[in-house]
Amino acid sequence: MSDHLNIRLFRFNPEIDVEPRFEELQVPTFENMAILDVVMHIQNYLDRSLSFRFSCRVGMCGSCALYVNGRPRLACRTQVSALKTQNITIMPLPNLPIIRDLVVDMEPFFEKWKKIKPYYVSRKDIVDPVVVHPDSNEREFIDEMLDCIACGCCYGACSMAATNEEFLGPPALNRAYTLIADKRDAIRVERLKVVDKSYGVWRCHTQFNCSEVCPKNIVPTRSIQNLKKRCVLKKIGVFK
Amino acid sequence: MNAWAWLLQRVSAVVLLIALGLHIWFLHFSSGDGVLHFGDIVKRLDTGVFITLDILLLICGLYHALYGLYSIFLDFTSGSKERIVVLTLLVMVGIGFSGFGVYGLLWFR
Amino acid sequence: METIKADILILGSGGAGLFAALHAYDCNPHLKIVMATKGLVGKGGCSRMVQGGLNVVLNENDSIEKHFKDTLKGGGFINNQELAWTLVTDAPKAVHELEVKVGCFFDRGEDGRIHQKAFAGQSFDRTVHVADLTGIQIIGRMPDQIFARDITVLEETRGLDLLTAEDGNRVVGAVLSNIRTGEIFLVNAKVTIIATGGSASMFKISAPSFDKTGDGMAMCFRAGAEFVDMEMVQFHPTGLIAGKSRLNGSLLEEGLRGAGARLYNGLGERFMEKYDPEHLERSTRDRVARSNYMEIMAGRGTKNNGVYLDASHLGAAFVEEKFPGMVERVKDIGKDLAREKVEVTPTAHYQMGGAIIDTNCQSSLKGLLVAGEDAGGAHGANRLGGNGICDSTVYGRRAGDLAAELASQEHVLPYDEAEAEKIRMRWLRPMTQESRENIYPIRDEIENLMWENVGLVRTGNKIKEAIGRLDALLEKAGRASVENRFIRQYNLEWNNIIDVINLITVSRMVATSALYREESRGGHYREDFPKTDNSNWLINICQKRKDDTGIELTQKPVVLNRLKWEEIENIK
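Chains as they are written, first to last, in the working numbering: chain A, 1 to 240; chain B, 1 to 109; chain C, 1 to 572.
Hints are supplied without guarantee of correctness; some may be wrong.
[Claimed, not checked] Non-contacting residues of chain A with respect to chain B, defined by C-beta distances greater than 12 Å in every case (computed): (1) Leu-83; (2) Lys-84; (3) Ala-162; (4) Glu-165; (5) Phe-167; (6) His-205; (7) Lys-234; (8) Ile-236.
[Stated by the list, open to error] Facing chain C, according to a computed beta carbon distance under 8 Å, are these residues of chain A, among others: (9) Cys-76; (10) Pro-97; (11) Val-132; (12) Asp-147.
For the record, the hints were derived by calculation from the structure and aren't laboratory data.
Virtual Cβ for every residue (Gly too), placed ideally from N, Cα, C.
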């Protein structure tokens, strides 16, 4: 590993700047350095006015997604050494409005998230935690999909979300799947009606961009395809 | 409607795969000397099986292509007015070409 | 200043804050509830980072009494017994609510029922979990419940200070700052709930998220609330060693030791045989962490000043299946947890001490409720692994219930405009003064100072030295100014200055209390008083603000109303 990195850093203050600019900086490297370490080093010691968002630093909160060398990634889980280059371009997550520098407004993301009724509604007849044997297929692949930390990487990678601002996008649809497949939930059909719209599941063209960038190795495309299947099953009266 | 349209897209894809295969085979490889004669085609198109196959190919091909176009259109728009206009247009194109094609096929009978 | 009137103001959106909002709303949906959170909703703080899970009594062979005794024994018997009892009796309700109302799905055992795994310091395997990253499931689903209700959520909005009335005996809201715009505004509320978490990030090596800087505690302190046992800081024994990376100090969960992972020093000795031959690695966190530290200090550590955590003998397939999150985390530093030993260090993790509350989260000030890590007492001198998220959920629920009740009865009391303006001016100072005092070296100094002088092993002299230095640093941090004073939007530096002032405020409480307790117990170890002294020190140390920044200490004997003195003697 070389002893320093050449960083091209996206800077933009929508309140003042006419257009974004790139700042070129040299940052010394150290062992186990992640992109989060890079931006923190810059902010602490080189340019204190830089802003970015972070919280847990261990890949659990999903606050620090950035667009690094042409790809959405979690800053805290992206090791500099894994990029295999000394030249690193750091930009904010695409497909979302910019608040300042590397900080994006997650509002559109969560507006769509809220559209699919992301909250669990318990069936009236369930009064205790249900008994589910681990080898039964009851949970399908819900639990792995529930590992989503809503970081927005998939949303930033999705070309459908980029071209159409009404498309619900992979994270909301993935969340919808986890609830629609959950037999304990009372409003599965209602929720399925929400995703069964032109700008719901049907805009997904199975490009797998979302799955490719997911830091939690979730495959939202799989959830979306499963939802499509359920939409058809509902039409022929099998899914109730 | 979306669900049916999507299901039909899948079904038409499967039909296309088979029908197109058969179509190419019979058109280019089935006659012994490798040369296609107009008479053979006329004779073939007089049978119910081939007419059904070709009509299926025609309709599925048109549907698949037009639905694909409509999808791409949807990807970039959101207004419901334009959607209805484009959809009507595409449906008319579909019906028009289907009718024209079927008429042409049946002409051989 | 822009003013929002509300019935209930909640600061924080971790387990406690979210549950408080949920319960308050469900008790009375007509209330105007405002929840402000420093990060994005549900993303800040540590509930989200919970790995292990929740300790809860579900099995017929287990009992509330056993869980209670474990909690007290782990806590060195200075717990507030009522708080501990409420914790263990309410925990099953919290888990039930999480599954049935919130929709969480905890891992199931072979019999199809909720699985409970082994954690350290417990007489029964009672930790409910979702693999090794339980917090994602819990906090991933709680905000969705908030979205389903008419609750105002102010994201990236931090509390600056509380507003008081009635000669400072009642809290009537808070002055807040919108981090995105830099606007300072106030919320005038009937009830204010503080649930912003602790501030273990005051130490050089620490496990919590970096946005946890004791804001709530510092605000409560400045408002005059009473605190208890602030010297009690938990160090987790197995923080990952990752050099200068921000990953340094992040946790490798306790379930690993629960499942049988071992600790070795640099010489390859399984040193826990020496410190706790009975429980070995499954001893409580305070003991294991201190043993690690002693080994390292005695020069028997690894080359990076740590010890080895070894889970490889459990079988690679087992480790990969049960601890996928941990395997992945270790992979980031190029190691394989399933197949080789990994260097770990004690890491500052949790504050047992905090604001004094009753079992319904009522603090010493009217109109102020405190829930979660900001509150003290339930865990005594050391918290059991798995009792943390339990605490947040149990007391979050209770705070919400009480807040709804109080808000239905009371009126919004007017705040003092001069006080509000004073608070605003105080926190605007880093943006207006031009001292060129840089906050980052100050932050680095506190982290080192606290680690070395008020860390795992303390002595009177070193603590005294730290207190003197902290006073000077508080003054210095007050002079700090922002480099680019024209940018108020999302100004990290400005926010870090506020963070550091809060950190020092809490650090001073920790150090002052640590100097006072002349014995060793739980997370507090005094080299000059290494023995636990039950005859003189079965007491709680209380403190509150005196004058401007002074601290007034009082001591109270522990109330032994449930587990009596004789029983404690027998357990020993």
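Against the structure, the hints come out as follows:
For Leu-83(A), the shortest C-beta to C-beta distance to chain B comes to about 31 Å, beyond the 12 Å cut-off, and the non-interface label holds. Distance check for Lys-84(A) against chain B: the nearest CB is about 34 Å away, which clears 12 Å, and the non-interface claim stands. Its closest Cβ contact with chain B, about 10 Å, brings Ala-162(A) to no more than 12 Å, contrary to its assignment away from the interface. Once the 12 Å rule is applied to beta carbons, Glu-165(A) is inconsistent with being away from chain B; the minimum gap is 7 Å.
Taking the minimum C-beta to C-beta distance to chain B, about 8 Å, the non-interface status of Phe-167(A) is violated against the 12 Å cut. Remark: the non-interface label on His-205(A) conflicts with the geometry, its nearest Cβ contact in chain B lying 7 Å away (cut-off 12 Å). Against chain B, the non-interface label of Lys-234(A) is violated: not every CB pair exceeds 12 Å, the least being about 7 Å. For Ile-236(A), the requirement that its beta carbon stay farther than 12 Å from each beta carbon of chain B is not met, with the minimum near 9 Å.
Satisfaction of the interface hint for Cys-76(A) is found here, the shortest Cβ-Cβ separation to chain C being roughly 7 Å, below the 8 Å cut-off. Proximity of Pro-97(A) to chain C is violated relative to the hint, the smallest CB-CB distance being about 12 Å (cut-off 8 Å). A hinted interface residue such as Val-132(A) counts as satisfied when its beta carbon comes closer than 8 Å to some beta carbon of chain C; here the least separation is about 5 Å, so the hint holds. Interface restraint check: Asp-147(A) against chain C, minimum CB-CB distance 6 Å, threshold 8 Å, status holds.
Hints 3, 4, 5, 6, 7, 8 and 10, counting from the list given before, are not met by this structure.
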